[in-house]
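Visitor: Here is how the chains run, residue by residue.
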Amino acid sequence: MPMLTPASIDQEIAALTGALESLGRPLAVLIAACALLVGLAIAVPAFRGRLRAASAALLAALSLGEAVLVWFHVRLGQACVVVEPQSGRVTGGFALPVWIESEKLYALALLIAVIAVAARRHGEELRPLLAGAAAALAIGALIWGRPFAAPLPDFLAQYRGYLAAWASGDAAAAMRAFASIEGSRRYFYNAWYMWVHPPLLFVSYGAFAASFAATLLMIVRRRSSYEQTAYRWARLGYLPLTAGMILGMPWAIVAWKGEAWWWSGKVNMSLMMWALYTAYLHGRLYLRRPGMWKAVAALSVVAFVALVLTYLTTYLVPGVHSVA
Amino acid sequence: MRERQRWSWDFALAVATVVLLGALGIQSLVGTLYAWWAYRTQPGWEATGYPAFVSVMNAVAAPLAVALVLVMGLCVPKRLFARRALVGVSVGGIAVGVAVWLLTGSIKDGLGAYLGLSALLQAAVVVLTVVGAGGLSYLTDSAAAKAGSGLLHLGFILFALSVVALQSSPFMLPAFLASALLLTGGSALSFYARRPPVEGSGSST
Chain A
1 MPMLTPASID QEIAALTGAL ESLGRPLAVL IAACALLVGL AIAVPAFRGR LRAASAALLA
61 ALSLGEAVLV WFHVRLGQAC VVVEPQSGRV TGGFALPVWI ESEKLYALAL LIAVIAVAAR
121 RHGEELRPLL AGAAAALAIG ALIWGRPFAA PLPDFLAQYR GYLAAWASGD AAAAMRAFAS
181 IEGSRRYFYN AWYMWVHPPL LFVSYGAFAA SFAATLLMIV RRRSSYEQTA YRWARLGYLP
241 LTAGMILGMP WAIVAWKGEA WWWSGKVNMS LMMWALYTAY LHGRLYLRRP GMWKAVAALS
301 VVAFVALVLT YLTTYLVPGV HSVA
Chain B
325 MRERQRWSWD FALAVATVVL LGALGIQSLV GTLYAWWAYR TQPGWEATGY PAFVSVMNAV
385 AAPLAVALVL VMGLCVPKRL FARRALVGVS VGGIAVGVAV WLLTGSIKDG LGAYLGLSAL
445 LQAAVVVLTV VGAGGLSYLT DSAAAKAGSG LLHLGFILFA LSVVALQSSP FMLPAFLASA
505 LLLTGGSALS FYARRPPVEG SGSST
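Protein chains in written order, with the numbering used here: chain A, 1 to 324; chain B, 325 to 529.
Pulled out of the complex, with its shape left as it was, chain A reads as follows (with noise of 0.2 Å):
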């Protein structure tokens, strides 16, 4: 086995975000066409009947290229070990998720898209939404989280200042960052939470949107049998929701300890938009009441209101969860 050096790490590192810069070069424009077909299928009355599979096309493009994320991030696991600077001891390596920093957006459009091609109840009413939803996903994710193109700016960041670090001769400069990146390895991105608590939200995003999608038609079209579908959706997320809350908490304990965390932007948003999934779940079981469906209606729209707010937050307010 050859001698790990910082020199010796970081030439990998580049080879394979070179590598993986070449492969996301075409994919990145087949994403693109695939989601300029399902906007044409939507907004040109004559396609319409193609958005099916305009929509199965995307999901095709876009599970294509999380194959070669996937590739990419067990490689650069692979490379990327951490290696105490005074002993030479090898910690291990990392287990990099699919759903972080640049990824995020375009997980959540690899998402929507199954349950575009996917949703059977209302399948032809909803597809519209959903598909056009996870198009303007895989756009943004293209255009401001360029995953092929700038893999894990953060992680990365902080994984060459480490070698940096340990390549400088500082003997205290490269244990302080070693001691960083071992916490980051080992409370963040190699602990059985991450693989838990995100993924779960993530699902339950996915089908809090179907549910805003048949909410919206139960609205414009006052049909009953639109709320029979959004509850349906509703349900299903929010057992992931509440799943993946309560199992993120001692996560945030444990490896927060002595930061603010708590009444934190995102934990605070989180906690708003399961109050009102609970509520509209509560609200619900009278929906036979005189009127009681409008306020159904307006709970369910409030609530994916704070889901977008929920995801924007990270973005936007400062924070343990967040990367304004």
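These are computed hints drawn from the structure, not numbers from a lab. Just so you know, not all the hints are guaranteed correct.
[What the hints assert, rightly or not] A short, non-exhaustive set of chain A residues, derived as facing chain B with CB atoms under 8 Å:
1. R235
2. A243
3. W262
4. G265
5. N268
6. M269
7. L271
8. A275
9. H282
10. L285
11. Y286
12. V305
13. A306
14. T314
15. V317
Built from N, CA and C at the ideal position, the CB exists for glycine as well.
Place chain B on chain A using the hints.
Guide: This is chain B only, laid out in the frame that chain A set:
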């Protein structure tokens, strides 16, 4: 008849729950907006102003949380007791909580005692429901939805108990995980009952 339906016990509890959850939601939104403003306008706010912000948020949330716990306490034993007995049991539960508060001087201990009592009652409801005991009042016929409802409420109570009474206890993490399991399992059974729960066609609240 219409009047009776309008002000049924279940409906009143559901309205109270929705109002309290809405208030908690508004508090969260206002708190987030304040934190956003403070971060932007006060350099170093996280070090200087955050502890005070947490104290204010806790103080505002406490009465809402207490009220939610009380509503939950009224909701939980409604399966076991008739209306008059239910009010007695609810008042009794509150009295025990207040007594512990007064004896120990700690509202946390009072809430913990009240929640512990609610958890015991709810555990009894779950056991009685699972073994199919008669006399439990549910609006649904689905055995899965009944068990799910019981587990869901038990999960909420255990979660509240973890936050209120077990924060510095070694039992906190196991209690959190148990509440997550109960909430997830309860939601699955309750919300995936064959018929969607709606008053008049079967409710699992």
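Visitor: Now tell me if each hint is right for this structure.
Guide: Now the hints, each set against the structure:
{"no.": "1", "hint": "R235", "verdict": "4 Å, holds"}
{"no.": "2", "hint": "A243", "verdict": "4 Å, holds"}
{"no.": "3", "hint": "W262", "verdict": "6 Å, holds"}
{"no.": "4", "hint": "G265", "verdict": "5 Å, holds"}
{"no.": "5", "hint": "N268", "verdict": "4 Å, holds"}
{"no.": "6", "hint": "M269", "verdict": "5 Å, holds"}
{"no.": "7", "hint": "L271", "verdict": "5 Å, holds"}
{"no.": "8", "hint": "A275", "verdict": "4 Å, holds"}
{"no.": "9", "hint": "H282", "verdict": "5 Å, holds"}
{"no.": "10", "hint": "L285", "verdict": "5 Å, holds"}
{"no.": "11", "hint": "Y286", "verdict": "5 Å, holds"}
{"no.": "12", "hint": "V305", "verdict": "10 Å, violated"}
{"no.": "13", "hint": "A306", "verdict": "7 Å, holds"}
{"no.": "14", "hint": "T314", "verdict": "12 Å, violated"}
{"no.": "15", "hint": "V317", "verdict": "5 Å, holds"}
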